[in-house]
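From just these sequences and the hints, can you work out the full model?
If you want the building blocks of each chain, they are given just below.
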Amino acid sequence: MKLFVRSSKAAKPTDWEDDRLLRSWREDGDRKSFDALYDRYVHLVYGACRKYLDDTEACRDATMQVFNALLEYPTEKPIRSLPNWLYTTARNICISLLRAPSAKVVLEPEENFFEKNADGFMENEALTRLLNKEHPHLLDLLPEAMQQLEDGQRQCLKLFFFDGKSYRDISQETGFTLKQVKSYLQNGKRNLGIILKRQRDEG
Amino acid sequence: MKTTFKERSCLSQRELRQYLRGKMTKQQQHAVEHHLLDCPLCAHAVDGLEKAEAAGQLEQELSEAGALFKRAGRKVYRRTWMNWAAAAALIVLALFSVWQYRAATMHERLFVEYFSAAPPNYLALRSAQPGNALEGKEELQKALEFYRDGAFEASLAHLSLHLEAYPEDDQAYFLLANALLGARRSERAAHFFRQLQEDPPAGFTVEDIRWYLALALIEQEDTAAALQLLQELSASSYSEQALELRQALE
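So the sequence lines, in the order shown, correspond to chains A and B. Basically our numbering = 1-based index in the first sequence + 18. Basically our numbering = 1-based index in the second sequence + 41.
Worth flagging that the hints you see were computed from the coordinates, not collected in a lab. Incorrect hints may appear among the rest.
[Unchecked claim] Pairs of lysine to aspartate or glutamate residues, derived as EDC-like cross-links and limited to a Cα-Cα distance of at most 20 Å, are as follows:
1) B:Lys92 <-> A:Asp79
2) A:Lys95 <-> B:Glu154
3) B:Lys92 <-> A:Asp73
4) B:Lys183 <-> B:Glu154
5) A:Lys176 <-> A:Glu191
6) A:Lys50 <-> A:Asp36
7) A:Lys95 <-> B:Asp88
8) B:Lys67 <-> A:Asp187
9) A:Lys197 <-> B:Glu285
10) B:Lys64 <-> A:Asp187
As structure tokens, then:
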């Protein structure tokens, strides 16, 4: 009975992974799968738009446009990572809204769009994958690799990864602002990936 | 240590609320912050919704965002009591709006999907030139920093200043045209690309210039001219992308 309950629960679209929901929506046109994806991500898409746009109505418009774009996205084109696709689409839509002549929705200066480079996130994701699945033995090389980072990055990464401290704890402990802490962690993790890949290729 | 590199899925609404309100355990908070380093969607959402939470509007905004599609859907279902003529008029109106929306956004979507600014070639050229090709050229260095970050507007002023001092630098003209295109000033970008077609800068081919000119034309919604250029690219290294774009435009 337990088994039956578990398997029937797992069969609910809301429990499916993104890939399966996407396939079901894009290949079979199953609207429930699309709704499940919408429910899973709408708050994040809206939040990402909210970072760039102050006007909440403009944020709602942009959010609708992102999901409309997903509805219309050609089936033959793969979506490798739905969160990354949603983020990139949301950012592009916000940029075009900001550049429209009638836009009165700017809160953030436009250069802030580029303050967090999406490539940095993708590289960090690649490092996580590298250490988890492809070359877990590289974890042993971490302490040595961290010595090659600049001070701020090393200090923040050590407190975050080894001591399990939160952004706010690290900020209080080091005197760095929250923004600096995030930036050191982001860039430090990316640099760590570069160093570890170099070590992998050399050894 | 191994646990610090565990992958996790994106934040649910509940987790997002708890995180923003500091109502997570230390371990939960750490796992979320680790995910934020890897996921641009969640990281930007947290940054964006911090503003809503600070203004005391988080619940209202999330509930309105969550209802967007469903509300639209319910509206459609509730129209069934209307008479057929009104329903038909609504459908015609909706189709017309969709057609207008698609026509207006197709070029935009294609442009965003296919445009990727040309990489600066100065470093590749460096070995062929004595000394460092960027040395002493502060404006160019600043321009390249912005350019590489995708901050095209910001790179434009520096590129212009650099070109005043080095008017013979063809590659800077090419980057300027790319930056103009990235900043969606496609008319001016097309003007530069047309000039560069005659004599491409070192490291780039006529096909490179034509590809970007085609994208500028798409951004301007000049479908016929873009199609003609894409046709000319069918035997070049851009053949695959050119074919995809042609099919999409046609």
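Pairwise hint evaluation, A:Asp187 against B:Lys67, where the allowed Cα distance is 20 Å at most: holds, 10 Å
Proposed proximity, B:Glu154 with A:Lys95 (alpha carbon, max 20 Å): The given pair, whose Cα atoms are some 11 Å apart, holds under the 20 Å limit.
Given hint A:Glu191 paired with A:Lys176 - CA-CA distance at most 20 Å: Holds - the C-alpha atoms of A:Glu191 and A:Lys176 are around 12 Å apart, at most 20 Å.
Proposed proximity, A:Asp79 with B:Lys92 (alpha carbon, max 20 Å): Holds. B:Lys92 to A:Asp79 sits at ~18 Å (cutoff 20 Å).
Given pair status - B:Glu285, A:Lys197, alpha carbons within 20 Å: Violated, because 41 Å separates the two Cα atoms, which is more than 20 Å.
Distance restraint between B:Lys183 and B:Glu154, which requires alpha-carbon spacing of 20 Å or less: violated, 27 Å
Holds or violated: A:Lys95 to B:Asp88, with C-alpha atoms at most 20 Å apart: Violated, at roughly 30 Å.
Distance restraint between A:Lys50 and A:Asp36, which requires alpha-carbon spacing of 20 Å or less: Between A:Lys50 and A:Asp36 the Cα gap is close to 13 Å, so the pair holds against 20 Å.
Straight-line alpha-carbon gap B:Lys92 to A:Asp73, limit 20 Å: holds, 12 Å
20 Å limit on alpha-carbon distance, applied to hinted pair B:Lys64 and A:Asp187: holds, 15 Å
Against the hints set out earlier in the document, violations occur for numbers 4, 7 and 9.
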